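Participant: Make one complex out of these two single chains by using the hints.
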Amino acid sequence: NAGVMQNPRHLVRRRGQEARLRCSPMKGHSHVYWYRQLPEEGLKFMVYLQKENIIDESGMPKERFSAEFPKEGPSILRIQQVVRGDSAAYFCASSHWGVSETQYFGPGTRLLVL
Amino acid sequence: AQSVTQLDSQVPVFEEAPVELRCNYSSSVSVYLFWYVQYPNQGLQLLLKYLSGSTLVKGINGFEAEFNKSQTSFHLRKPSVHISDTAEYFCAVSDQGAQKLVFGQGTRLTINP
Chain V
13 NAGVMQNPRH
23 LVRRRGQEAR
33 LRCSPMKGHS
43 HVYWYRQLPE
53 EGLKFMVYLQ
63 KENIIDESGM
73 PKERFSAEFP
83 KEGPSILRIQ
93 QVVRGDSAAY
103 FCASSHWGVS
113 ETQYFGPGTR
123 LLVL
Chain H
15 AQSVTQLDSQ
25 VPVFEEAPVE
35 LRCNYSSSVS
45 VYLFWYVQYP
55 NQGLQLLLKY
65 LSGSTLVKGI
75 NGFEAEFNKS
85 QTSFHLRKPS
95 VHISDTAEYF
105 CAVSDQGAQK
115 LVFGQGTRLT
125 INP
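From first to last, the protein sequence lines are chains V and H. So in my numbering the end of the first sequence lands on 126, straight run, no missing numbers. So in my numbering the end of the second sequence lands on 127, straight run, no missing numbers.
Extracted from the complex, chain H is given alone in its bound form (with noise of 0.2 Å):
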């Protein structure tokens, strides 16, 4: 079975310094990989995903992924961070030719001044 492992479920960073959320997936077959992101009291927003091709992913709001698949991850990362970005971080998986998403716990991205 397919499960997602978010290393951290809290994350606090000073405005302007660098993240990376961490991701780790455990599959046995090829998968679909995605990043969501959850403001207070609101949906889920897709940050990006990977399908195929290039393992380094480009998303929203300045943030990348690179999957790697000999170490099962697929790490969020953004150079430098704003305020706005405060929110929950959620990593998904789904097998391909499945439909569901499989989700970590989520970690909770704090941005202090």
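Pulled out of the complex, with its shape left as it was, chain V reads as follows (with noise of 0.2 Å):
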């Protein structure tokens, strides 16, 4: 069973370019989490989604950030116009329920904007 699969591992944008991070679950789960972590810092809640619908997006930045997981294919976390804050590692981690259950992480995709 392939654990949660992200994908660039490495990415790097321009100030103004659009970033997106790709996150395949692990299989059978449902319910998808984005986190990030910037340097020296622990990780932050981003957003919680289940298949085509948003939970909680209460970690999300109100501006330039937005999120989906549809019915087919992997979850997208999309930057618009990166700045260089946006430079961070970022993490899905999925689960097979919700509340409870252990979330599996990814190994992240490590944003940096020049």
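Hints are computed from structural coordinates only; laboratory data are not their basis. All values reported here derive from a predicted model rather than from experimental measurement. Heads up, the beta-carbon is just placed ideally off N, CA and C, and yes, glycines get one too. Among these hints, one or two may not hold up.
To be verified - Have a look at the derived ranges for each label pair, beta carbon to beta carbon:
{"no.": "1", "chain 1": "H", "residue 1": "Thr86", "chain 2": "V", "residue 2": "Met17", "range": "17 to 27 Å"}
{"no.": "2", "chain 1": "V", "residue 1": "Glu80", "chain 2": "H", "residue 2": "Pro26", "range": "35 to 45 Å"}
{"no.": "3", "chain 1": "V", "residue 1": "Ser99", "chain 2": "H", "residue 2": "Arg122", "range": "18 to 28 Å"}
{"no.": "4", "chain 1": "V", "residue 1": "Ala14", "chain 2": "H", "residue 2": "Glu78", "range": "21 to 31 Å"}
{"no.": "5", "chain 1": "H", "residue 1": "Pro127", "chain 2": "V", "residue 2": "Glu75", "range": "42 to 52 Å"}
{"no.": "6", "chain 1": "V", "residue 1": "Ile88", "chain 2": "H", "residue 2": "His96", "range": "37 to 47 Å"}
{"no.": "7", "chain 1": "H", "residue 1": "Pro26", "chain 2": "V", "residue 2": "Pro82", "range": "43 to 53 Å"}
{"no.": "8", "chain 1": "H", "residue 1": "Phe28", "chain 2": "V", "residue 2": "Glu80", "range": "41 to 51 Å"}
{"no.": "9", "chain 1": "V", "residue 1": "Gln93", "chain 2": "H", "residue 2": "Gly76", "range": "28 to 38 Å"}
{"no.": "10", "chain 1": "V", "residue 1": "Gln29", "chain 2": "H", "residue 2": "Ser23", "range": "47 to 57 Å"}
{"no.": "11", "chain 1": "V", "residue 1": "Glu75", "chain 2": "H", "residue 2": "Pro93", "range": "41 to 51 Å"}
{"no.": "12", "chain 1": "V", "residue 1": "Thr114", "chain 2": "H", "residue 2": "Gly76", "range": "15 to 25 Å"}
Facilitator: Below is the structure:
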């Protein structure tokens, strides 16, 4: 059973470009979470999605950031018009159910904005 | 709002020595508690979790943690560490009934030979 897959593993963007981060959950998992880890900090929750639904986006910046988890295909975290402060590691996690279920993390996408 | 405090940002220990990584949380409701380990340039791996029941939880790689409700703590321990335990350790909490994890700042465990 493959784990959580994220791609790309590393992404370099110039200021003003768009960044698209992809996450394929573990097989059979229908809950996806995105977290951001800034340098020397812990992970911060961004958004929680189920198939075709955003359940909790309380950690998402109000502008430039969006997330989706379509019926088919991976979950996508999209950052428009990136700025240097968006440089971070973005981790995706998935779980089978939701409450109390272990969240399994992917290897992360490290975004560098020049 | 929930918060998690990991009291030590760095913990250096000698190989085969015992170690305790401290974690305190604040929450007004019942919680689930987790410890994750992150090796360099990798994702997080679950070490152990407390949902209910026995307050002493055993995890992988010889780690264990004890839930102390009165002190709102969930300290991680290992009686004898190995070089391979060198990593960053994160304590996390979620409200029962919620899905998102709130993480501490992390503790960098360095094992010296």
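Participant: Now tell me if each hint is right for this structure.
Facilitator: Results for each hint:
1. H:Thr86 <-> V:Met17: 17 to 27 Å: violated (36 Å)
2. V:Glu80 <-> H:Pro26: 35 to 45 Å: Since V:Glu80 and H:Pro26 have Cβ atoms about 43 Å apart, the given range 35 to 45 Å holds.
3. V:Ser99 <-> H:Arg122: 18 to 28 Å: holds (21 Å)
4. V:Ala14 <-> H:Glu78: 21 to 31 Å: For V:Ala14 and H:Glu78 the Cβ distance comes to about 29 Å; the hint holds.
5. H:Pro127 <-> V:Glu75: 42 to 52 Å: This hint holds: roughly 49 Å between Cβ atoms.
6. V:Ile88 <-> H:His96: 37 to 47 Å: Since the Cβ atoms of V:Ile88 and H:His96 sit about 39 Å apart, the hinted range of 37 to 47 Å holds.
7. H:Pro26 <-> V:Pro82: 43 to 53 Å: holds (46 Å)
8. H:Phe28 <-> V:Glu80: 41 to 51 Å: Holds - the Cβ-Cβ distance for H:Phe28 and V:Glu80, about 49 Å, lies within 41 to 51 Å.
9. V:Gln93 <-> H:Gly76: 28 to 38 Å: Hint violated: Cβ distance 47 Å, outside 28 to 38 Å.
10. V:Gln29 <-> H:Ser23: 47 to 57 Å: 34 Å Cβ-Cβ, so the 47 to 57 Å window is violated.
11. V:Glu75 <-> H:Pro93: 41 to 51 Å: For H:Pro93 against V:Glu75, whose Cβ atoms are near 49 Å apart, the range 41 to 51 Å holds.
12. V:Thr114 <-> H:Gly76: 15 to 25 Å: Given about 19 Å between the Cβ atoms, the range holds.
The structure fails hints 1, 9, 10 (numbered hints given earlier, in ascending order).
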